[in-house]
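As given, the protein sequences belong to chains A and B, one line each in that order.
If you read the first sequence in the numbering used here, its first letter stands for residue 11, the second for the next number, and so on.
If you read the second sequence in the numbering used here, its first letter stands for residue 43, the second for the next number, and so on.
Source of the hints: derived by calculation from the structure; they are not laboratory data.
It cannot be assumed that every hint is accurate.
Said to hold, decoys possible - DSS-like mimics (lysine-lysine), calculated; alpha carbons at most 27 Å apart, straight line:
hint : chain 1 : residue 1 : chain 2 : residue 2
1    : B       : K242      : A       : K19
2    : B       : K150      : A       : K416
3    : B       : K242      : A       : K50
4    : B       : K197      : A       : K50
5    : B       : K242      : B       : K231
6    : A       : K416      : B       : K231
7    : A       : K19       : A       : K416
8    : A       : K387      : B       : K197
9    : A       : K19       : B       : K197
10   : B       : K242      : B       : K197
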Amino acid sequence: MQPTSASFKSNARAALTDRALQSALADLQAGFVARRAAVKSRLPEFEALREEGRDIRDHALANLDVYLEIYEERASAAGAKVHWAATAEDARRIVLDICREVGARLVTKGKSMISEEIALNAHLEAAGLEVVETDLGEYLLQIRRESPSHIIAPAIHLTMDQIEADFRRRHVHLARERKLADPVRLVDEARQVLREKFIRADVGITGANFLVAETGSSIIVTNEGNGDLTQSLARVHVVIASIDKVVPTLEDAAALLRLLARSATGQEFTAYTTISTGPRRPSDPDGPQAYHVVLLDNGRSELLGTPFREVLRCIRCGACMNHCPVYSAVGGQAYGWVYPGPIGAVLTPLLLGIERAGHLPNASTFCGRCESVCPVKIPLTRLMRHHRETEFEERRQRPLQRLALKAWAFLARHPGLYHVSARFLIVFLSALGRSRGAFRWLPFAGGWTRHRDFPAPQGRTFQQLWAEHQRGVSR
Amino acid sequence: MPEPLPQRPRVGLFITCLVDLLRPSIGFAAVRLLQEAGCEVTVPLAQTCCGQPAYNSGDRRDAAALARQTITAFAGFDYVVAPSGSCAGMLRLHYPRLLADDPEWAGKARAFAERVHELVSFLVDVRGLERVAARCEGRTTYHDSCSGLRELGIKDQPRRLLNSVAGLELVEMADAEVCCGFGGTFAVKYPEISNAMVQKKTDNAVAAAPHMLLAGDLGCLLNIAGKLRRERRPIAVRHVAEVLAGELADPPIGEPPAGS
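Take the sequences, apply the hints, and build the full model.
As structure tokens, then:
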């Protein structure tokens with residue numbers, strides 16, 4: 011998908027006036043936040059578990075080369091074919107080659123953010139393959155040709171009416187007079203349509219929530235079971251995962267899974283947790299004949315030695331966006347690419363370049379709610395600020411904005427001058443506004459006064475009054 | 043009369059730029075509360091702003107210069123107290139980070155940070171204040187400012203003291219812990235998003251039907267008061283220190299003086 015992060019501001023404006031989106035956001039946000047709080051309250055050691063999660067991820071990242079090698083060795087020993095992809099283009103090519111090699115025509119897909127990141131569907135479709143998303147949310151987005159608005163609930167912005175209309179438009183082979191106007195019927199219909207795809211699929215592509223070095227396994231979690239059908243019914247299973255997904259042991263993965271489900275959906279565990287190690291063995295009743303793993307770097311290894319390393323701890327639970335007041339105002343699509351919310355505000359500029367995504371780390375009040383819920387304690391506000399520092403160093407801010415900041419900083423660094431200027435400014439402003447208590451309009455602050463009044467100053471600065479007070483006291 | 047406290051700590055009041063410029067009455071309320079808690083209060087003239095506008099705009103150099111200026115201005119006090127969780131958080135948590143790589147200042151910044159407190163948490167946690175003598179009639183709700191809440195752990199302290207105010211009935215609004223959308227320059231750079239956020243805040247406030255809304259940060263209060271006033275909602279907005287100190291002579295934030 012073509013990133014539109016650069017037009018975040020206009021994306022956001024459109025989102026704010028989109029009624030369907032706003033009502034979907036309000037419901038979903040409240041649901042996720044309340045469910046996480048409830049499940050957390052039932053686990054007294056949750057905070058300790060967060061620390062453990064952070065340490066597991068930090069250790070894995072600090073020794074990433076070692077664990078990736080162990081992973082490759084063990085996975086290969088189990089019969090996996092491991093491919094290394096330095097770039098998105100490499101990954102797309104590798105996947106397409108696998109599909110061509112086995113003469114694939116139909117490809118089913120479980121939900122994978124990496125597949126979104128490398129825009130895999132478009133690439134496979136351009137090569138003549140039929141590609142079907144099997145996660146219900148992703149399926150909806152695919153038939154609407156939209157990008158996901160949330161990393162774990164990609165279609166949360168859609169209403170039931172929109173979905174019904176899409177199904178009627180798309181599933182023309184089904185009876186026109188069928189009833190569809192409730193969630194159960196919609197799910198039934200999706201299941202009916204997808205089941206046939208699962209059975210016919212040549213290649214099934216899934217992501218990976220974790221890769222386990224000790225066993226050479228990949229793990230996926232779903233609530234729909236679509237991932238299992240995708241990977242076990244197709245002849246060939248392809249896992250695409252970024253290199254940061256590796257953890258040392260199954261026990262580490264288990265700790266992270268406990269954090270993941272609670273942080274993501276407020277569940278104690280997801281409905282399906284599937285561990286795959288290699289293709290079908292002779293004694294297995296089912297499973298794919300071949301099992302490939304495509305390991306994508308796409309700039310991540312370059313982050314390891316930088317202050318941004320901590321962003322690679324992310325386990326993609328979505329808690330940061332669920333709790334983000336900016337995300338909850340504008341939704342995920344306004345962020346203009348694959349990763350929305352606070353994690354996107356840090357990750358997108360790293361993957362696309364700050365020049366294409368500079369708005370994202372700036373559109374934050376630094377309220378810190380994201381990092382207070384992050385299961386692996388990524389310092390999201392610090393990393394967003396770091397992007398702003400890069401922008402400042404590279405002089406990317408608008409000149410007027412920079413000039414204003416510099417002028418203010420000059421004054422603030424000269425207290426004598428600052429206090430005299432402050433006095434004049436306040437006398438002037440309060441002469442204009444004091445009698446009404448607030449301004450309905452102020453020059454250079456149109457953004458503020460378009461939506462709210464600006465309270466007028468009380469008349470004189472504290473320092474001025476305090477000096478008089480002190481003189482009065484000492485007299 | 044309680045026994046006078048054995049020691050009289052010297053407190054430097056970090057007044058904050060917003061209070062200095064826009065609402066000095068908060069500063070006087072803070073001085074009164076600190077003095078009543080047995081502190082000797084001084085307001086250094088060499089202070090201006092904590093540096094957040096620079097720090098949060100990516101301008102580390104100016105932010106660090108302001109950090110050094112503030113640390114110097116407040117040398118020699120037992121405590122540095124600010125009527126703002128946001129500024130106190132900057133001084134306490136971010137100055138040491140900002141100056142961590144400066145061999146001359148890193149140690150000073152850490153020592154300084156240990157002495158910094160937000161006003162209400164200082165009164166409760168450091169000075170052991172359990173109640174205040176103030177009176178203020180009416181249903182009151184409290185907005186938890188982000189930095190105070192999440193950086194400094196300020197949640198119960200203001201509520202405990204407010205519950206001791208005669209006549210005051212504390213009611214909680216929904217999502218009291220969610221950001222009001224101020225965010226310093228955010229409010230001007232992303233006005234529509236900021237507006238959507240403050241709209242949710244004022245909707246929640248109105249639903250709780252209070253006479254008064256309080257918080258510990260003037261930035262949030264300007265934003266919330268400005269929105270309530272634009273919507274002509276009759277909710278008085280004040281800094282928590284004004285109520286705790288019984289300094290209610292000035293009109294609430296954003297309202298005209300009586301008689302005009």
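To see whether the hints hold, each was checked on the structure:
Pair hint K242(B) plus K19(A) holds up; C-alpha atoms about 20 Å apart against a cutoff of 27 Å. With a C-alpha separation of about 26 Å, the suggested pairing of K150(B) with K416(A) holds against the 27 Å cut-off. The suggested pairing of K242(B) with K50(A) holds, with an alpha-carbon distance near 25 Å, which does not exceed 27 Å. For a cut-off of 27 Å, the pair hint linking K197(B) to K50(A) stands: about 19 Å separates their Cα positions.
Only pairs whose Cα atoms come within 27 Å are accepted, and K242(B) paired with K231(B) is accepted, the gap being roughly 19 Å. Between the alpha carbons of K416(A) and K231(B) the distance comes to roughly 17 Å, so the proposed pair stays at or under 27 Å and holds. Restraint check: the Cα-Cα separation between K19(A) and K416(A) comes to about 25 Å, which is no more than 27 Å; the hinted pair holds. Between the alpha carbons of K387(A) and K197(B) the distance comes to roughly 21 Å, so the proposed pair stays at or under 27 Å and holds.
A threshold of 27 Å between alpha carbons decides the hint, and for K19(A) with K197(B) the separation of about 34 Å lies outside it, so the pair is violated. The straight-line distance between the Cα atoms of K242(B) and K197(B) is roughly 21 Å, inside the 27 Å bound, and the hint therefore holds.
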